[in-house]
Amino acid sequence: MTFKQRSILPGFGLTLGFTLTYLSLIVLIPLSATFLKASSLSWAAFWHIVTSPRALASYRLTFGASLIAALINLFFGMLLAWVLVRYNFPGKKIFDSMVDLPFALPTAVAGIALTTIYSTHGWVGRYLDSIGIKAAYSPLGVVIALTFIGLPFVVRTVQPVLEDLDKEMEEAAASLGANRWQTFSRVILPSVAPAALTGFTMAFARAIGEYGSVVFISGNMPMKTEITPLLIITKLEQYDYAGATAIAVVMLVFSFTMLLAINLLQKWSSRHHHSGGTPEVVEGEALHAPVYAEA
Amino acid sequence: MSIEVSKVSKRFGTFNALSNINLEIPSGELVALLGPSGSGKTTLLRIIAGLEFADTGHVSFDGADITEQSARERRVGFVFQHYALFRHMNVFENIAFGLRVRPRQFRPAEAAIRSKVHELLRLIQLENLAQRYPSQLSGGQRQRVALARALAVEPSVLLLDEPFGSLDAKVRQELRRWLRQLHDEIHITSVFVTHDQEEALEVADQVVVMNQGRIEQIGSPDDVYNHPASPFVYNFLGNVNLFHGRMDEGQPVIHGKATGQVVYVRPHLLEIDREPNGGSHFRAHIKHINAAGPLVKVDVITEWGDPVHIQVSQERYRALQLIKDDAVYVIPKDVRVFETRRAS
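Which chain is which? The protein sequence lines are U and C, in order.
Residue numbers in the first sequence follow my numbering, run continuously in steps of one, and reach 295 at the last position.
Residue numbers in the second sequence follow my numbering, run continuously in steps of one, and reach 344 at the last position.
You may find that some hints are simply not true.
[To be verified] Some chain C residues well away from chain U (every beta-carbon gap over 12 angstroms; in silico):
(1) Ser-70
(2) Gln-81
(3) His-82
(4) Leu-85
(5) His-227
(6) Thr-302
(7) Ile-323
[To be verified] For lysine-lysine, the following BS3-like pairs were computed, each having C-alpha atoms within a straight-line distance of at most 30 angstroms:
(8) U:Lys-167 to C:Lys-324
(9) C:Lys-297 to C:Lys-287
(10) C:Lys-287 to C:Lys-324
(11) U:Lys-167 to U:Lys-267
(12) C:Lys-324 to C:Lys-297
(13) U:Lys-167 to C:Lys-7
(14) C:Lys-324 to C:Lys-257
(15) U:Lys-92 to U:Lys-37
(16) C:Lys-297 to U:Lys-167
Since the hints were derived computationally from the structure, they do not count as laboratory data.
Backbone N, C-alpha and C fix where the C-beta goes; we use that ideal spot for every residue, glycine too.
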């Protein structure tokens, strides 16, 4: 194998083998089964199913709402991480732990709780209703649920980077005459951008796949508030396995392409963030120090 | 631009970082703040820069009180020990940063920024590395970029916090000679913090020796080295042997008994001989010899059992043919006597 590298830690062959087997069992084989099942359809039938108006509306809602939710999480997640890292206040530890709750809570519970609060008679929903905004049983409800379940990602990816951020860099910016906004936008933001992008990607991916919480708050009206995962379940319940997998394949290809694109973007944006202390070059050329006669 | 620090004190919790510091730095000088860690030297530098604020006292530049001004308003160039370069910007953008963040009406045109940065790159001799990122540079190169970045805004004073602290010995020596030369060219009032006495003595016009939040002595390198004002300064500025002893008609008498006075002698100011030469002397025998280097380091044990470090020239070492366990006479050539209660 030409790509095998000598290293002080042995086991390249073993670990690579394990990785491939593991990924195959957990990810690749189940996903290929999806493609296999979908291929039982003729091309025309496949195209008919995946481009039906109901399916198209569900793609729009799923990807649109996920994107909006991930953007909201990107902005507020960074704000939350900033507050948790930079300030000390009573109850900080409790707030910090609360961030992880959306991970732990069964999504159905989250869905029911959110619906209760945001429905037209709920605590928040009634005020939104009075100014003409319908939160639950509308696309907005979907966005709310997806924002909830994606909350921890950006916070948890940005937080450690902010903690590690060299305070001297900010002081250097200030001593060079940068005001607070310039220090933030030119120094801090670019430093946390790769981490924030990672968090955004994960929140986005998580939102695309979310099912449990959305079905309670969206109302599941075809063409209006029906997300793609629900459409797949509906088809399964009607024993339309081929139809379900056809839509699943579309989602899969879509999601994978997007994640790949974001990953490439991230790789590009973080290309100079290898924080390691070892420089790639040693002292390039000797410093032309003035010649001193040694006493 | 001259710097005046008057009656500055600073506490961190219960720790007195600075107590009542008064310091005047004339325009165009290169001054070293020298002291052990915890002596308050970095705190003083940061107070001058406006990165830290004094509890009491004032800082002025050219007679104008700037105590309440922020770092941004003071227009100081600050160089950090760990460079604090912007990792996501290349060398060019790092240096240009201070010019780019200026308010629009004061911001130079792109062409002017370019020529300014290239001029600085020439100055730090890194012209061909403008597109590199900080992680692709060596420590010495990074520190030079940090210096150029600080100089780009044409600061009124240049402040350097242990600028060579994280570099290896060779690069460090090269860089500090270069800094001295640079200062001779651009004559900007500069203050640098160091714990390395050799560095302070070699580079600075004036050395400010600090200890426990106070200034022990201010003077030229020659002054502080040859005429130390306190036992601390004597101790800190070089190796030293301490003896119990006393002055007797201008002659130091060194012996093993406590007398309330302590005699300070630098290792190279002790002479070794086979015979007593009539003056002040004591007997000792040789414990260890290290002949590597310009001076031979001889460790002896006095007749009353104290270890003493002595440095003799290679010629003297060969002439005396010293070997381990030899019994010799030690003659102090120049000593300083301090009262014990003042000795640290």
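Consistency of the hints with the structure:
1. Ser-70 (chain C), annotated as away from the interface, has a beta carbon of chain U within 12 angstroms; the closest lies near 7 angstroms.
2. Non-interface call for Gln-81 (chain C) relative to chain U: violated, since the shortest CB-CB distance, roughly 8 angstroms, does not exceed 12 angstroms.
3. Distance check on His-82 (chain C): its Cβ comes as close as 6 angstroms (rounded) to a Cβ of chain U, failing to clear the 12 angstroms threshold; non-interface status is violated.
4. Distance to chain U contradicts Leu-85 (chain C) as a non-interface residue, since its nearest Cβ pair spans about 8 angstroms, not more than 12 angstroms.
5. Here His-227 (chain C) stays apart from chain U, with its beta-carbon at least about 20 angstroms from theirs, past the 12 angstroms limit.
6. At roughly 32 angstroms, the least C-beta separation between Thr-302 (chain C) and chain U is larger than 12 angstroms, which holds for a residue marked as non-interface.
7. Every CB of chain U is more than 12 angstroms from the CB of Ile-323 (chain C) (nearest about 30 angstroms), matching its label as outside the interface.
8. At roughly 54 angstroms between alpha-carbon atoms, Lys-167 (chain U) and Lys-324 (chain C) are farther apart than 30 angstroms, so this suggested pair is violated.
9. Restraint check for Lys-297 (chain C) and Lys-287 (chain C): satisfied, since their Cα atoms lie roughly 11 angstroms apart, inside the 30 angstroms limit.
10. For the hint linking Lys-287 (chain C) to Lys-324 (chain C), the alpha-carbon distance of about 6 angstroms falls within 30 angstroms, and the restraint holds.
11. Note on Lys-167 (chain U) and Lys-267 (chain U): the hinted pairing holds, with a Cα-Cα distance of about 25 angstroms set against a maximum of 30 angstroms.
12. For the suggested pair Lys-324 (chain C) and Lys-297 (chain C), the alpha carbons sit about 12 angstroms apart, so the restraint of at most 30 angstroms is met.
13. For the hint linking Lys-167 (chain U) to Lys-7 (chain C), the alpha-carbon distance of about 28 angstroms falls within 30 angstroms, and the restraint holds.
14. Restraint check: the Cα-Cα separation between Lys-324 (chain C) and Lys-257 (chain C) comes to about 27 angstroms, which is no more than 30 angstroms; the hinted pair holds.
15. A hinted pair counts as satisfied when its Cα atoms are at most 30 angstroms apart, and Lys-92 (chain U) with Lys-37 (chain U) does not qualify at roughly 50 angstroms.
16. Our distance criterion of 30 angstroms between C-alpha atoms is broken by Lys-297 (chain C) and Lys-167 (chain U), whose separation comes to about 44 angstroms.
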